[in-house]
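Engineer: Residue strings, one per chain:
There are 6 protein chains.
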Amino acid sequence: MKVAVFRKAHFNAAHRLYNKAWTEDKNNEVFGLCNNANWHGHNYELEVKLVGEVDPETGYVIDLKVLKDIIKQEVEERFDHKNLNLDCPEFASLNPTAENICVVIYDLLRAAIGDQYELQVRLYETPRNYVEYPA
Amino acid sequence: MKVAVFRKAHFNAAHRLYNKAWTEDKNNEVFGLCNNANWHGHNYELEVKLVGEVDPETGYVIDLKVLKDIIKQEVEERFDHKNLNLDCPEFASLNPTAENICVVIYDLLRAAIGDQYELQVRLYETPRNYVEYPA
Amino acid sequence: MKVAVFRKAHFNAAHRLYNKAWTEDKNNEVFGLCNNANWHGHNYELEVKLVGEVDPETGYVIDLKVLKDIIKQEVEERFDHKNLNLDCPEFASLNPTAENICVVIYDLLRAAIGDQYELQVRLYETPRNYVEYPA
Amino acid sequence: MKVAVFRKAHFNAAHRLYNKAWTEDKNNEVFGLCNNANWHGHNYELEVKLVGEVDPETGYVIDLKVLKDIIKQEVEERFDHKNLNLDCPEFASLNPTAENICVVIYDLLRAAIGDQYELQVRLYETPRNYVEYPA
Amino acid sequence: MKVAVFRKAHFNAAHRLYNKAWTEDKNNEVFGLCNNANWHGHNYELEVKLVGEVDPETGYVIDLKVLKDIIKQEVEERFDHKNLNLDCPEFASLNPTAENICVVIYDLLRAAIGDQYELQVRLYETPRNYVEYPA
Amino acid sequence: MKVAVFRKAHFNAAHRLYNKAWTEDKNNEVFGLCNNANWHGHNYELEVKLVGEVDPETGYVIDLKVLKDIIKQEVEERFDHKNLNLDCPEFASLNPTAENICVVIYDLLRAAIGDQYELQVRLYETPRNYVEYPA
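Chains as they are written, first to last, in the working numbering: chain S, 3 to 137; chain V, 3 to 137; chain Y, 3 to 137; chain E, 3 to 137; chain A, 3 to 137; chain P, 3 to 137.
Here chain S stands alone, though its shape is the one from the complex:
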């Protein structure tokens, strides 16, 4: 009997979207305001979904306090109040779009969460724009 459990979290960060291999004009054309050289930022809202069997002794798929702590350690302490481009080696050569941040978070959590669980990550960059991985 497989059930999905979800936990929400959040972090605030600065970023800038650009491709180092492109000219400034090309970057402005593609990324517009998101290419502000002085950075801008977001309140990122995160929803982590695990799918697994319900343990008959506890009635839990996973203790959500455990999942909360994993998210805190792997995501919030890493990215909260950071400049994603400057402070986070994950984005040293990876453009911190919502799509790429979401995949990075998935990879970080995938390594920290047991193989018995399926994992999916949803990331809100703004209340109107969000992404999900795997699709």
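Possibly wrong hints are sitting among the right ones.
Same chains, same label: a pair holds when it works inside one copy or across any pair of copies.
Straight-line Cα separation of at most 27 Å, BS3-like style, residue types lysine-lysine; simulated pairs [to be verified]:
#1 K10 <-> K74
#2 K4 <-> K67
#3 K70 <-> K10
#4 K28 <-> K67
#5 K4 <-> K28
#6 K51 <-> K10
#7 K74 <-> K22
Hints were generated in silico from the structure; no laboratory data involved.
Keep in mind it's a predicted model, so treat the numbers as computed, not measured.
Given chain S's structure and the hints, the job is docking chains V, Y, E, A and P onto it.
Structural biologist: Same frame as chain S, now just chains V, Y, E, A and P:
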């Protein structure tokens, strides 16, 4: 590496639910208050989901400004501040239930968005009632 | 010891904004899309605030089930799934802007709620536009 | 043409998480504050999803008033303002975790809803913790 | 230059509404389902408002981390995952209605927050019912 | 007959909290993570409240499209996708705390909005922390 991206939009419209082939009694029995001959209306909230590959050069599945503009042109300008039954040929012979509106919006967006993307549309008629297509 | 209590409610309605004394051009200039002759509509969200003394025997300012029923009778049954201009005598000669609807609801509730309570009404026409009376 | 329709509902209840077969120490270690012998409680928010064909005569997958009434009868009247452990035989020997409550609600609704519909239930225990069944 | 700052918090608790001086029939008549002898519960959402001068050196009215910690110590640790009637001496002889809980929280915070700040507390018992003190 | 009207808006920006007159240690002690030299950022949500007389000819306190455009010109175009400290002269010597940003926005809007209206500004820095001016 497929990622889903979502964009929210909204429009306000009037409508009436009824089946022209039925008697007024049958329409009232099935559609109740929603069959008010003088119309009623809603704030429709829309969530459009695209699934596609992340472009390694931009880090985008799609530029969400592009998706925002497609939604504006295909959905908002067509349906916002309209009477769906009277003003919109899409519903000249189609009952504007949330289900039918959602499928119509899907078809409009499907024609405007490249085949490389999977598409799904969620439509909120009220904060407590909503629909999704394809299921 | 005065405490404020709030109760939320909602109704869906169609309306049209225009001034009968004006030309069609003037109405279009002032009210734009809101002057669609075929109507449009909204999900109106209502927040009713009462201020009063806490009854020492019940711990209530008012039984919120009582307030809920008053709102249902005075507001929801009157306006839900209606065309405000055509179906509601309150707006026969009053433009159903959010401001005017809010004041009408205040007057209806004021007559139904005891004088020992102060009353304030907030009305959301959309998630981004709302009004409050008295200010 | 299959469309998914969703209806939200809610109920408030008290519960306590523990395993009768365990010692009090083991229960406290696993369930922490959730094992308060004097109970605690939640506002449970419920989202019910049905997938089915759109009826060409009504434009409905299901009349949402019918679904609303089924949810009211099967879920709200059964669990609202109840102590899940003491008042509800469903949890006499089943730990009322969000996962187990969600599966119980699924089973109750599955028995009340026609086989032509696929069913999925999402249950929010808090705004940050929620579950979904089937996954 | 006075500015208001707000901080949200939450706690989950069980309670029962009744007046010990009344008969069971009178309690049922007045409090209905809220008088379940086996308790029910809520996710209480709290909004704390402080009004004060902006410190020209910090740009803060108060460091919101300080306010967050005060709320955690005075409210969350006291009431979270508790039975308000049984576990909390504040409600030993006070009916734990939203109104009374709000005033108790106000008094607890008022004693912990410096006199240079005006204080107001809003408490959501459900998303549709909430109270505020002082009014 | 005075009514309050509200309009919501939003902008995303990077910032850093620090006092140039202080040592780095003092800044870290007071502002903690908010003093990241590489910046961090937020989705700022704005609610603008105007109080005024309802115009008997239009039923409006103000045309909300006009207010929307004023907010766009005075706030969104000035601060959206900006680094408040580096890009915005308003914060060249003013710490961009939520309190100070809120007062700056009030002053910008006050200059753009007619004297017949009372004005109040609420600014959400995160969903849990927000400020209001005047208090």
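Engineer: Now look at each hint and say whether the structure bears it out.
Structural biologist: These are the hints, each one checked on the structure:
no., hint, result
1, K10 <-> K74, "both (11 Å within a copy, 20 Å between copies)"
2, K4 <-> K67, "within (19 Å within a copy, 30 Å between copies)"
3, K70 <-> K10, "both (8 Å within a copy, 19 Å between copies)"
4, K28 <-> K67, "between (45 Å within a copy, 16 Å between copies)"
5, K4 <-> K28, "between (48 Å within a copy, 25 Å between copies)"
6, K51 <-> K10, "both (9 Å within a copy, 20 Å between copies)"
7, K74 <-> K22, "neither (31 Å within a copy, 31 Å between copies)"
Hint 7 from the list above is the single one not met by this structure.
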